[in-house]
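> Okay, here's what each chain looks like letter by letter:
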Amino acid sequence: MNKWLNRRPVKFLAALLAVLFALNGGLISGGVSAQSESVTLTMSAWDVATTPYWQAVIDAYEAANPNVTVELVDIPSAEYQDTMNIRLSGGDDTDILTVKDIPGYSAMLTRGQIVPLNDYIEASGLDLSVYSGAAEELTYEGSIYALPFRSDIWILYYNKTIFDAAGLAYPTNDMTWAEFDALARELTSGSGADKIYGAHFHVWRSAVELGTVQDGLNTIISDDYSFMAPMYDMVTGMQKDGIIMDYGELRAGNIHYSGPFENGQVAMLPMGSWFIGRLVGDQAKDVFDFDWGVAKYPHPEGVEAGTTAGTLTSLAINEKSDNKDAAWDFIQFYAGPEGAKVLAGTGNLPALRTPEILEVFASLEGVPAEATEALQTTTVRLELPMHPNVGEVEQILNEEHELIMTTSLSVDEGLEEMTSRIDEVLE
Amino acid sequence: MGTMKLSLKTTSPSRRRRQFSKNLVAYSFILPNLLGFAIFTLVPIVFSLGLAFMSWDGANEISWVGLDNFAKLSDDSTFNIALKNTLWYVSATVPLTMVCALGLAVLLNQPIRGRNIFRTIYFFPYVASLVAVAVVWNMLFFPSAGPVNEFLRTLGVENPPRWSASIDWAMPTVVMATIWRGMGYYMIIYLAALQGIPAILYESAEIDGANPWQRFRYITVPMLTPATFFISIMLTISSFKVFDLILVMTNGGPGRATNVLVIHTYNTAFRQFKFGYSSAIAMVLFALVMGITIIQFYMERRWVEYSQI
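Just so you know, the sequences run in chain order A and B. Count the first sequence with my numbering and you get residues 24 to 450, in order. Count the second sequence with my numbering and you get residues 43 to 351, in order.
Treat the hints as calculated values from the structure; they're not laboratory data. All values derive from a computational prediction rather than experimental measurement. Misleading hints may appear alongside valid ones.
Okay, the calculated bits of chain A under chain B, using three or more residues with CB under 8 Å as the criterion [as the list claims (entries may be wrong)]:
id, stretch
1, 103-112
2, 259-273
3, 421-435
Yeah, the Cβ is synthetic: ideal placement off N, Cα and C, and Gly gets one too.
Chain A on its own, in the form it takes in the complex:
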């Protein structure tokens, strides 16, 4: 009994060590053999189940490169950047990192988590001018760290059935925000469950603030935010008069913009072009049964029609990746003409837009005929410029946006607080 007690912990420890060594050895040998035979790449993505293009492009790539397998790391869209930041701080080695927005791009870039692609681009002889300016927007201090594959712009969606019922003409491609406001007021009718709202502003800060930078005189990172007052005055005024749904309720109910639009509760919705794919898909599945159309994004007085704001979605290579060359080959495909064609075929706007690729998009079943015209742009402004403190600035902008929209602060008070708080950060 005595000896047994004595030796048991020793045996236990020895067994534990043996298991640990075995595990370790297995992992190492597994890694080596995988590299010599075939390559498995991992790629971060969001909402894989409801976003068909991720897998579609991968399927096309794997068909052309049978020795490569690409696995998606699925993260919920709303938590994507927070999750990535935490994972990367912990040394995550996912090979291909999808860059969702500029704050995410700045965060990964300034912290050296993604590699500059200039050498790869030079070696492959890739011509960046095909991205019509998008590549320049991703260039920081002479280096580019990501290749754009999707480029979305803000447009105006409208419910044709509501317009027909009201006997009003559809929105034109040349509409000022003041005209938009007046039209929305005409379209609002009913009450209670039957109420039709003339327009819908989603809870995002960008839904209001993009209209303030269309003229190109200011950017979202500024030392004086009073320039945002006209747009905030208009939107809070619409909210007060019941022309749009209440911000606080949309927040509390966590209501996605597709709900009110697809339920036929709102006549007009300013939103990004990424929503086209969703609407086409949902209409095909009979989620809703009204006709819808798209027009150019409304613009401030004196600004040319077709001026809008845009976002880029791009792909970067993780600094910690063991398969950088294979990853480069994949992102070149994804952002190149083959990938673009697959993307367009799923109802998404690729960053690479040749007439041929746009034709694929426009001829998709369910894309409204107005789309071709509405998607023509004259100037595209970036939602947020590159800046090392952009994460902190964005948080303040979001907090003050919330205070203005819940009428906790008046428009002027909110913008003053925004100015003074952001001044402190930028000092």
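Once you've looked at the hints, dock chain B against the given chain A.
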């Protein structure tokens, strides 16, 4: 300890060895947990303590900044707001949860029909998914058409509060959700303590002519003080570290109305990449909780009764 030393002095080498091997067995049982604690809790705590005096963005070089992080705190308006909100939240949730838990425990200690079902119902929120609880509360308190405001309107309240969509009411809404979620758990602790009160105390009090309130005030409450003490410590600590419920319900908003210290710590670390500064905030929170817990232990002998019956 004293007795062990004594026995060791008088034991033979073989008995000492047996004692040692017994200890070894005990340690090996503790080891898995201890390893987990050391790797996932102790090391990060020590690391974070060091980080509080450094500047680090999570990727680039770490640099020593001494007390700069702490000096910055007083100028950080969000820190001041979060500190105020945290104290507000703690001083509301701790006493209210205790009162509700005690009230429920006393009621459900009566011989009423179906009391086990009620006990289960009140305990249920504690085991329900926190995200579901937060979403359902937001639905209940929906400003225009939520059941709570509909009810208030039928009572004649013309402008019911806008709850989580208003800076004045967001914190009370979160406090209510916290109380509702936590009271069942503390009710169980109180129930157990209530059942440990000897019936003879009540009987003799009744013979002496004490009315129900007097029996509650002079027997139940003092006899429950050890449980109350335990609950006050647990509640205070858990209230100070509130994070998940607020993140899901309001994300610290509207504006900064429900931003508490843990949310601010999280934002500065993982949204702004100031890991050093964030650790300094965490250390302030740690010192605060530590200080209050020590005071609570110090005060214990003044009001907690450990009766010997």
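> Now tell me if each hint is right for this structure.
How the hints compare with the structure:
1. 103-112: holds (count 5)
2. 259-273: holds (count 4)
3. 421-435: holds (count 7)
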